[in-house]
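Fit chains B and C to the supplied structure of chain A, relying on the hints for placement.
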Amino acid sequence: MHASKFSVNTTAHMQFVDITAQAQQAVSESGVNDGVLYLFSPHTTAGLTINEGCDPDVQQDLLGVFQTIIPSSYPYRHAEGNSPSHMMATLTGSSLIVIITGGKLQLGTWQRIFFCEYDGPRNRKVTWKVIAG
Amino acid sequence: MHASKFSVNTTAHMQFVDITAQAQQAVSESGVNDGVLYLFSPHTTAGLTINEGCDPDVQQDLLGVFQTIIPSSYPYRHAEGNSPSHMMATLTGSSLIVIITGGKLQLGTWQRIFFCEYDGPRNRKVTWKVIAG
Amino acid sequence: MHASKFSVNTTAHMQFVDITAQAQQAVSESGVNDGVLYLFSPHTTAGLTINEGCDPDVQQDLLGVFQTIIPSSYPYRHAEGNSPSHMMATLTGSSLIVIITGGKLQLGTWQRIFFCEYDGPRNRKVTWKVIAG
Numbered sequence: 001m002h003a004s005k006f007s008v009n010t011t012a013h014m015q016f017v018d019i020t021a022q023a024q025q026a027v028s029e030s031g032v033n034d035g036v037l038y039l040f041s042p043h044t045t046a047g048l049t050i051n052e053g054c055d056p057d058v059q060q061d062l063l064g065v066f067q068t069i070i071p072s073s074y075p076y077r078h079a080e081g082n083s084p085s086h087m088m089a090t091l092t093g094s095s096l097i098v099i100i101t102g103g104k105l106q107l108g109t110w111q112r113i114f115f116c117e118y119d120g121p122r123n124r125k126v127t128w129k130v131i132a133g
Numbered sequence: 001m002h003a004s005k006f007s008v009n010t011t012a013h014m015q016f017v018d019i020t021a022q023a024q025q026a027v028s029e030s031g032v033n034d035g036v037l038y039l040f041s042p043h044t045t046a047g048l049t050i051n052e053g054c055d056p057d058v059q060q061d062l063l064g065v066f067q068t069i070i071p072s073s074y075p076y077r078h079a080e081g082n083s084p085s086h087m088m089a090t091l092t093g094s095s096l097i098v099i100i101t102g103g104k105l106q107l108g109t110w111q112r113i114f115f116c117e118y119d120g121p122r123n124r125k126v127t128w129k130v131i132a133g
Numbered sequence: 001m002h003a004s005k006f007s008v009n010t011t012a013h014m015q016f017v018d019i020t021a022q023a024q025q026a027v028s029e030s031g032v033n034d035g036v037l038y039l040f041s042p043h044t045t046a047g048l049t050i051n052e053g054c055d056p057d058v059q060q061d062l063l064g065v066f067q068t069i070i071p072s073s074y075p076y077r078h079a080e081g082n083s084p085s086h087m088m089a090t091l092t093g094s095s096l097i098v099i100i101t102g103g104k105l106q107l108g109t110w111q112r113i114f115f116c117e118y119d120g121p122r123n124r125k126v127t128w129k130v131i132a133g
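If you read the protein sequences in the order shown, they are chains A, B and C.
Okay, so the first sequence: first residue is 1 according to the working numbering, each after it adds one.
Okay, so the second sequence: first residue is 1 according to the working numbering, each after it adds one.
Okay, so the third sequence: first residue is 1 according to the working numbering, each after it adds one.
Do not take every clue at face value.
In this list, chains with the same sequence are indistinguishable; a pair is considered to hold if it fits within one copy or across any two.
[Said to hold, decoys possible] List of simulated lysine-lysine pairs, BS3-like, C-alpha gap at most 25 Å: (1) Lys-104 to Lys-125; (2) Lys-5 to Lys-104; (3) Lys-125 to Lys-5.
It is worth saying that the hints were derived from the structure and are not from the lab.
Here chain A stands alone, though its shape is the one from the complex (with noise of 0.2 Å):
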């Protein structure tokens, strides 16, 4: 199976979740040795990207710059509320690639590839496909 989708229920307003091992586990269920692995978020309040996964601080660095950089005093028009969340979701983006080399993915020595959490807690998906090549 080449395409499939996976789970990530998160704990809070903002969190990063480390989806590493999801993302392995669908390079393995694929069978393709090389190619390339297409992450998508289908939220329109969440993100997908990759960062040090080394040290947690690092992940609530980035989600305190987020806070600080989008402003939510602005007179938003949404009537939701959660237009920050939403400019976060454009700003980090809905999908990413790794590329595959011999099954695995060739993620730098630090690197991590985070599902992004900006109007949680909710239960999320994401889904994914496998191109040989």
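Quick look at chains B and C alone, frame taken from chain A:
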């Protein structure tokens, strides 16, 4: 045909234009049932993003926040005066991907694909490619 | 060969390095006429973007705005002191794609591909893959 382009004519200095229908049309033209759609903006003061399309206030809020966080009074060197537009382009990104299953773009319930004009109005284009897999 | 990497040695703390020639060389090495090029930065304090390459002032303006909007005085937890660099990496993104037609990258007239150094100078690398289709 698995690659082509379509036009987006913007009507304001900053504007999000919903291009989901053109993107789905590209997939239909390709004849590909399962694969990945790549969209690419060949411009340096525009971008592509996926966000909520139901309430147009979200798009207005995103444009408002971009204008709030990118300073207009910074001592920019670039003589054309559109450095904030270039910055927004880099923050948004020039390309995006959407997974295709059964000939349909696999977008979330509230997701729409937007061309992001940051230095209009202009006649723009979006190039696309579909790879089966 | 459809996948490999190349080096980028940066010479400043923050710097955009034009890697368009290396990217085109990667396409030539792959021998692929029609497909997609994937570029990936395996680093957590660097990114990849596409923007104007004609006037180097644009690159300087982008770096200046990054330093303006990401606070340096925020109470960062990460002890290495480079949390702003990590934030810039997430805002820029670790990967990008370019469509290939007739063996050539389909970039816009003013577009160039940049490696974005946010915590240099360092010896960096960019990994790439080409998929035909």
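A quick look at each hint next to the structure:
In this homomeric assembly, Lys-104 and Lys-125 come within 25 Å of each other (Cα to Cα) both inside a single copy, at 22 Å, and across copies, at 18 Å. Taking the shortest Cα distances, Lys-5 and Lys-104 sit within 25 Å of each other both inside one copy (18 Å) and across copies (16 Å). Proximity of Lys-125 to Lys-5 under the C-alpha cut-off of 25 Å is restricted to the intra-copy arrangement: shortest distance 7 Å within a copy versus 31 Å between copies.
Checked against the numbered hints above, the structure violates none of them.
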